[in-house]
Structures are given as C-alpha cells and as structure tokens.
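Chemist: Based on the sequences and whatever the hints tell you, model everything.
2 protein chains.
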Amino acid sequence: RLAPQSQVYSINIYIYIYNNLIRNSNMPIYDTKSIILKQHLSIGFPTEENFAIETSTINSDDIPNGGILLQVLVASSDPYLRGRMRPEGDFVEGKVIKTFVSGKVLHSNNENWVAGDLLGGSLPLSSYQIIPPELFSQTAIWKLTGLIDESEISLGIGILGMPGSTAYGGLIDVLRPNEGETIFISAAAGAVGSLVGILAKKLYNCKVIGSCGGDEKVKLVKEKYGFDHVIDYKKYSTVEELTKALKEVAPEGIDMYFENVGGIHFEAALNSLRVRGRIAVCGTISDYNSDYSKSFSKIIPIKMVYSQQRIEGFMCAEWLTHKKGNFLQDMHKWYREGVLIKQETIFNGIESWVASFQSLFNGTNIGKTVVVL
Amino acid sequence: RLAPQSQVYSINIYIYIYNNLIRNSNMPIYDTKSIILKQHLSIGFPTEENFAIETSTINSDDIPNGGILLQVLVASSDPYLRGRMRPEGDFVEGKVIKTFVSGKVLHSNNENWVAGDLLGGSLPLSSYQIIPPELFSQTAIWKLTGLIDESEISLGIGILGMPGSTAYGGLIDVLRPNEGETIFISAAAGAVGSLVGILAKKLYNCKVIGSCGGDEKVKLVKEKYGFDHVIDYKKYSTVEELTKALKEVAPEGIDMYFENVGGIHFEAALNSLRVRGRIAVCGTISDYNSDYSKSFSKIIPIKMVYSQQRIEGFMCAEWLTHKKGNFLQDMHKWYREGVLIKQETIFNGIESWVASFQSLFNGTNIGKTVVVL
Chain B
1 RLAPQSQVYS
11 INIYIYIYNN
21 LIRNSNMPIY
31 DTKSIILKQH
41 LSIGFPTEEN
51 FAIETSTINS
61 DDIPNGGILL
71 QVLVASSDPY
81 LRGRMRPEGD
91 FVEGKVIKTF
101 VSGKVLHSNN
111 ENWVAGDLLG
121 GSLPLSSYQI
131 IPPELFSQTA
141 IWKLTGLIDE
151 SEISLGIGIL
161 GMPGSTAYGG
171 LIDVLRPNEG
181 ETIFISAAAG
191 AVGSLVGILA
201 KKLYNCKVIG
211 SCGGDEKVKL
221 VKEKYGFDHV
231 IDYKKYSTVE
241 ELTKALKEVA
251 PEGIDMYFEN
261 VGGIHFEAAL
271 NSLRVRGRIA
281 VCGTISDYNS
291 DYSKSFSKII
301 PIKMVYSQQR
311 IEGFMCAEWL
321 THKKGNFLQD
331 MHKWYREGVL
341 IKQETIFNGI
351 ESWVASFQSL
361 FNGTNIGKTV
371 VVL
Chain R
1 RLAPQSQVYS
11 INIYIYIYNN
21 LIRNSNMPIY
31 DTKSIILKQH
41 LSIGFPTEEN
51 FAIETSTINS
61 DDIPNGGILL
71 QVLVASSDPY
81 LRGRMRPEGD
91 FVEGKVIKTF
101 VSGKVLHSNN
111 ENWVAGDLLG
121 GSLPLSSYQI
131 IPPELFSQTA
141 IWKLTGLIDE
151 SEISLGIGIL
161 GMPGSTAYGG
171 LIDVLRPNEG
181 ETIFISAAAG
191 AVGSLVGILA
201 KKLYNCKVIG
211 SCGGDEKVKL
221 VKEKYGFDHV
231 IDYKKYSTVE
241 ELTKALKEVA
251 PEGIDMYFEN
261 VGGIHFEAAL
271 NSLRVRGRIA
281 VCGTISDYNS
291 DYSKSFSKII
301 PIKMVYSQQR
311 IEGFMCAEWL
321 THKKGNFLQD
331 MHKWYREGVL
341 IKQETIFNGI
351 ESWVASFQSL
361 FNGTNIGKTV
371 VVL
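Quick note, the sequences are listed as chains B and R, same order.
Each step along the first sequence adds one to the number in the UniProt record's numbering, with nothing skipped, and position 213 is 213.
Each step along the second sequence adds one to the number in the UniProt record's numbering, with nothing skipped, and position 101 is 101.
Hints may contain errors.
A pair holds if it fits inside one copy or across any two, identical chains being indistinguishable in the list.
Said to hold, decoys possible - With a cut-off of at most 27 Å between alpha-carbon atoms, the simulated BS3-like pairs for lysine-lysine come out as follows:
{"no.": "1", "residue 1": "K294", "residue 2": "K207"}
{"no.": "2", "residue 1": "K104", "residue 2": "K324"}
{"no.": "3", "residue 1": "K303", "residue 2": "K323"}
{"no.": "4", "residue 1": "K201", "residue 2": "K98"}
{"no.": "5", "residue 1": "K207", "residue 2": "K333"}
{"no.": "6", "residue 1": "K222", "residue 2": "K234"}
{"no.": "7", "residue 1": "K244", "residue 2": "K294"}
{"no.": "8", "residue 1": "K303", "residue 2": "K38"}
{"no.": "9", "residue 1": "K244", "residue 2": "K33"}
{"no.": "10", "residue 1": "K303", "residue 2": "K98"}
{"no.": "11", "residue 1": "K298", "residue 2": "K247"}
{"no.": "12", "residue 1": "K303", "residue 2": "K95"}
{"no.": "13", "residue 1": "K234", "residue 2": "K298"}
{"no.": "14", "residue 1": "K234", "residue 2": "K303"}
If you are wondering where the hints come from, they were derived from the structure by calculation, not from laboratory data.
Modeler: Now the structure itself:
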C-alpha cells in the first residue's frame with residue numbers, strides 16, 4: 001500500500017505526463033470555450049445575462065472520416081444575430097450559438113483539407129471544434145488558403161466573409177447600379193455599408209451618400225471611404241427631417257438605397273426614390289431590439305407601378321457559397337489592388353464577444369467588429 | 001348675274017363634286033372623331049361629364065414625309081387611364097386623350113409602312129389620324145401585319161398589345177416562375193390577369209389561384225381559363241378574411257402574387273407570401289377612384305430580408321417595344337397554338353368609349369374591353 005503522499009505524487013506525475021508528453025507531443029486534446037445562449041430575449045438590449053461561457057475539451061482522435069478539427073482564430077458579431085436571440089429565432093437556450101468565424105485547420109481527415117488550411121464559415125462559436133463531414137454541405141464554409149495568410153485572418157469575417165459577400169451581392173446583383181447613378185447607404189460606417197459605398201464609387205462611379213451617427217464616423221466615411229456626402233442621422237428624428245436632409249444632397253432624388261437601418265431611414269429613402277429606383281433591404285438595425293410588428297413601413301403600391309420601383313430583401317448566402325457571382329476572387333482582387341479598405345474594431349478574447357455584440361447597438365464600434373480568440 | 005336659286009344649285013354641284021369625285025376618288029379628307037378630356041377628376045367614379053366628343057377633318061395631303069395616315073379600327077379602355085384623368089395625370093383638359101388603339105394604314109409616306117399595314121400603338125383616341133414621323137420614336141407603335149388580318153384587329157389591343165405584353169413581361173421577367181410554384185392573381189377575369197394565369201399554368205405548370213368578383217367570372221376563370229382555384233373576393237371584406245380564404249386553397253402559402261387590385265388584396269397576399277416570394281405590382285384598381293395617399297400598404301422590411309422577398313412595380317413598355325423578351329412573336333405563337341384564350345367585351349362606336357371605361361370600375365366587363373370604332 002502506498003502512503004497518501006505517494007498517491008498525490010503519483011497523480012501529479014500522471015498529470016505531468018498527460019499535459020507535457022501525451023497531450024503536447026500529439027496534441028490530441030484541446031480546451032475549448034464556447035458561447036452559449038442562456039436566455040432568449042424578445043425585446044430590449046442584449047446583455048451578459050443572456051449568454052454564458054462553457055468550457056470543455058475536444059479530442060482530435062474523435063475526428064470522424066471526412067471531418068476536420070478547426071481552431072477558430074477570430075469570431076464575428078453581427079447585427080442579424082439579434083434576431084436569432086428572440087424566442088422565435090434559431091438560437092436554443094443552453095446551446096452554443098452560431099456565428100461567422102475564421103480559423104485554421106489543425107487536423108484533417110478530409111481529402112479537401114490539410115492542416116494549416118485557412119477557412120471562413122458559419123459555425124458554432126467555440127474556440128476549437130470538430131467539423132463533421134455532413135456539416136460541409138449544411139453550412140457555408142469557404143477556403144481562404146492561397147488568398148490570405150494567418151496574419152490577415154480577420155478578413156475571413158470581413159471583406160472575404162459575410163459582410164463582403166453581402167455588400168457584393170447586394171450592390172452588384174440586387175441593386176444592379178448603372179454608371180453614375182446616385183446611391184444612399186445607411187449604417188455607412190459599418191462593415192457592410194462602407195464596402196457598398198466604396199464599390200459603388202469605384203466600380204460604377206456612383207454619387208454615393210451615406211448616413212451614420214456622430215462626427216468621428218462622418219469624418220471616416222467622407223475622408224477614408226470617399227463618400228460624396230454623409231448625413232449624421234443623429235441630427236434628425238423624423239421622416240420629414242431626414243427626407244429634407246437627403247434632398248439637400250440629392251436634389252433630384254436617389255436611384256438606389258442600401259437599407260441597413262430601417263425605421264425613418266426606409267421611409268425617407270422611399271420618399272426620395274426616383275423612377276426605376278431600387279431598395280435592397282439588408283437589415284433594419286433600428287428595429288432589432290423592438291417589437292417587429294410595430295416596425296412596419298408604409299408603401300403606396302400604385303406609385304411603385306408608375307415609378308417601376310423595386311424593394312427586395314436579400315441575404316448573402318448565394319454569393320458566399322458561389323452560387324451567384326464570383327465574390328471571393330473579386331473581393332480579394334479588389335482588396336489587393338487597394339480598392340477596398342479594411343476597418344476593424346478589435347475585441348480580445350472570447351469573453352469579450354458579448355461586449356463586441358453590444359457595441360453594434362450602442363454605436364461604439366467602427367467598421368467590422370472582430371473578436372480575436 | 002345668276003338668280004339666287006342658281007347660286008344654291010351651283011353650290012350643291014360643288015358639294016356633289018367635292019363629295020363624290022374629289023373626296024371619294026382620291027380619299028384625301030376624313031371626318032374624324034376624338035375623345036377629349038373635358039374635366040380632370042381627382043377622386044370619384046369617372047362619368048360622361050369628364051369627356052367630350054370632338055369632330056374634325058383630316059386631309060391626307062397633309063401627311064408629312066415619313067408620316068402615315070391611320071384609320072383606328074378598335075380602341076382600348078384600361079384601368080390605368082383613370083390615373084391619367086387626375087389633375088396631376090397626363091391628360092390635358094380640352095385635348096384628345098391617349099390610349100392604346102389598333103388600326104390600318106390608309107396612306108403612307110414612310111418607307112417602313114404601306115397602305116393596308118395593320119398596327120397597334122399608344123396614340124390619340126381619334127378615329128382617323130396622321131402619325132408624324134417623329135412620333136414613331138416617341139410612342140410605342142408595333143406592326144401587326146403578317147400576324148393577323150383585319151378581322152382579328154382587336155388582338156392588337158389585347159393579347160398582341162398592352163395587356164398581352166403586361167402579362168408576358170410581368171410573369172416571365174418580373175415574377176420569374178419556377179416550375180410548379182404557386183401563383184395568386186387578382187382581377188383574374190380581366191384582360192391581363194387571365195393571360196397571366198393561363199401562361200403560368202401552361203408554361204410553368206404552376207398552381208394558379210385567381211380572385212375575381214361574382215359567380216359568372218368565377219366560373220369563367222375556373223372552367224375556361226383553367227385556374228386551379230378561384231376566390232370570389234366579394235365574399236370577403238377584411239385582410240383577415242381574405243388571408244384565410246387564400247390559406248384554404250394555398251395552405252403552404254404562395255410563391256408569387258400578380259397584383260392588379262391593391263388594398264386588402266395586397267396585404268392578404270403579403271401575409272401568404274413564402275420565402276423567396278415575389279409580388280409584381282401591375283396596378284391597384286381598387287384605389288383608382290380614391291385618394292392615393294390613403295391607399296398605402298404596410299410592409300415589415302426586416303421580414304423581407306429573412307424571407308428574401310421582392311415587391312416590384314412594373315409597366316409593359318420594355319416588352320411592348322421589344323427591348324426585353326420576344327413578346328409579339330411568342331404571344332402570337334401561343335395564341336395560334338390555342339394556349340391563349342381571347343375573351344372580349346365589345347362596345348360599338350367611339351361614343352361608347354366612356355361607358356366601356358366605366359365598365360372596368362363597376363365590374364360589368366369581362367375580359368378585354370374593346371371599343372369598335
């Protein structure tokens with residue numbers, strides 16, 4: 001019989017061997033942290049109370065045939081996730097939430113992937129995770145290897161990810177600009193809006209008008225992104241005031257509106273929309289913490305006939321998954337050429353994810369919100 | 001000096017010579033009747049008081065180089081003309097109104113036309129008229145020679161005219177059906193709606209649901225046009241009731257809505273619209289005698305994002321003038337093959353034009369309203 005102290009000693013040796021020899025030499029086991037939804041939220045501002053951090057381990061020996069083990073390097077927080085938090089949304093209480101992430105493959109049992117490959121994907125928000133083979137056909141996962149290296153991985157949740165494909169598809173295929181037309185973009189300092197404006201200016205020579213809140217963002221949108229006019233929406237509280245502000249910079253009206261905000265923005269844009277005008281509805285962040293059914297807008301259908309106008313809601317999936325367009329190659333090329341501008345607000349650690357998410361709704365973020373894990 | 005009786009005799013001889021020798025032999029002069037707008041009408045039902053008949057003569061010697069002299073054989077009355085009657089509309093008090101007509105060329109000084117040619121056009125509502133050369137580029141005028149003979153001239157204001165091109169463009173290019181989808185069409189017994197349903201059924205194998213008013217129209221739409229389901233809208237007076245009626249025949253919702261009516265129809269259709277659903281707004285006849293600004297509909301833009309829905313107003317001009325599609329050839333072919341069905345309500349004489357126009361708003365017309373001049 002061993003003395004108690006020997007037992008402790010013996011256990012410590014096992015732990016030492018496990019941590020330093022078995023674990024580190026073969027790296028089969030990873031401590032992973034995940035964000036889970038603790039509580040749905042119907043109306044109101046999301047708080048730390050709605051989420052929790054869960055820790056667990058992942059064993060690389062558990063990767064099935066056709067699967068890979070992914071290390072998530074950066075995770076995204078995006079306004080649309082607010083809708084997922086509602087009781088009728090996709091997030092399930094007690095389960096890991098899903099968002100867009102970018103990372104690198106650590107182990108692969110899949111012939112399409114090798115260790116070191118970089119990817120972007122719509123995946124669980126867990127720092128390490130096994131992607132089983134069936135998931136590749138069920139969610140958007142795209143390869144970034146050959147386009148960027150690890151130091152640029154945040155592009156995978158920005159210009160080369162959801163925001164990039166949303167701007168690309170929404171502008172090019174939904175709005176379909178003609179050379180020299182006038183476009184109005186709300187949330188112009190945001191991850192999507194800024195790219196829309198830059199593309200509209202540089203690809204189509206559009207007259208580009210943005211709206212955003214506060215002096216710092218106005219300056220950024222005008223000087224760095226090169227918009228022709230910027231409206232500080234915080235100065236206006238009614239449809240009439242915003243319509244007037246828009247008319248001052250676009251006296252002959254607008255041909256296109258890229259909608260990220262909703263509410264009075266939608267109606268002011270509709271008031272200003274010319275013959276053959278188009279509205280691409282990407283999101284309506286001003287509604288996200290409110291009761292949707294009270295967030296309606298008014299349209300007069302017969303006016304849409306005479307003016308041959310179109311209002312179209314869209315999501316990025318078709319472009320992100322290359323069913324339409326050539327998003328990844330085109331956006332990568334334009335980024336390398338300096339056409340596109342990367343602008344990020346960085347949060348450090350998965351623990352900061354909720355704060356990064358909140359920053360979208362209190363306006364403290366600028367550009368793409370990136371959580372570095 | 002001639003006696004007074006001789007003078008009368010002499011004048012009568014001149015008249016005889018003019019009418020029977022000069023006029024009839026060379027046919028240079030035509031008595032023409034036109035419909036002029038007497039009085040704009042903002043809100044309310046159009047009456048005989050709003051219009052007047054004007055008579056004048058046209059001399060074929062006055063045809064300029066590049067012009068033609070047209071005999072209008074049939075004239076159209078269409079719901080959209082109600083908007084033109086408003087003070088802000090295109091009709092000018094004291095001036096001839098413009099509508100779609102079909103007729104034949106009597107004299108031509110234009111190398112593209114010969115006497116006997118048949119045409120359709122958006123033209124003044126005058127029984128005889130000179131079309132000056134510049135008008136050919138300013139309005140829609142299309143040749144029907146080779147497709148139909150004079151006995152079928154009413155097709156030029158129906159299947160081979162505005163209603164045909166509206167149905168064609170609105171269905172094929174605006175709604176863009178996928179095989180087997182479900183479409184809902186209001187004013188299904190009308191000139192446009194009936195063609196939309198027939199094309200959706202026969203070209204795309206759609207499940208076709210129509211709405212119209214009264215037993216006679218319901219029977220026509222179901223039995224003659226072959227719609228799968230018909231809703232008699234006169235039985236329903238609220239959005240909720242109409243939504244429920246639509247749900248009974250389309251329990252899984254609709255993929256497309258072809259809007260001719262507006263009001264509760266629009267909202268019931270929107271309530272029933274599925275993911276990737278489209279609404280083509282062609283007209284909203286229920287609003288036409290009302291204050292437009294009170295005829296708004298409510299949309300919830302964020303719902304259009306998640307559902308990737310589209311609402312699009314359109315007019316037929318691009319298809320009618322062959323900038324898009326192959327309307328005239330396609331519709332002619334389908335008519336000859338028996339795919340399309342001609343259904344007309346005939347009014348005789350230009351004097352009956354106002355009555356024909358009223359029939360559109362009191363529901364007494366069936367199919368295409370044709371005024372034979």
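Chemist: Please go over all the hints and tell whether each is borne out by the structure.
Modeler: Now for the hints, and whether the structure bears them out:
no., hint, in the structure
1, K294 <-> K207, "neither (33 Å within a copy, 33 Å between copies)"
2, K104 <-> K324, "within (26 Å within a copy, 48 Å between copies)"
3, K303 <-> K323, "between (33 Å within a copy, 23 Å between copies)"
4, K201 <-> K98, "neither (33 Å within a copy, 41 Å between copies)"
5, K207 <-> K333, "within (23 Å within a copy, 45 Å between copies)"
6, K222 <-> K234, "within (16 Å within a copy, 55 Å between copies)"
7, K244 <-> K294, "both (24 Å within a copy, 22 Å between copies)"
8, K303 <-> K38, "between (46 Å within a copy, 25 Å between copies)"
9, K244 <-> K33, "neither (49 Å within a copy, 48 Å between copies)"
10, K303 <-> K98, "between (41 Å within a copy, 20 Å between copies)"
11, K298 <-> K247, "both (20 Å within a copy, 24 Å between copies)"
12, K303 <-> K95, "between (46 Å within a copy, 25 Å between copies)"
13, K234 <-> K298, "both (22 Å within a copy, 26 Å between copies)"
14, K234 <-> K303, "between (29 Å within a copy, 25 Å between copies)"
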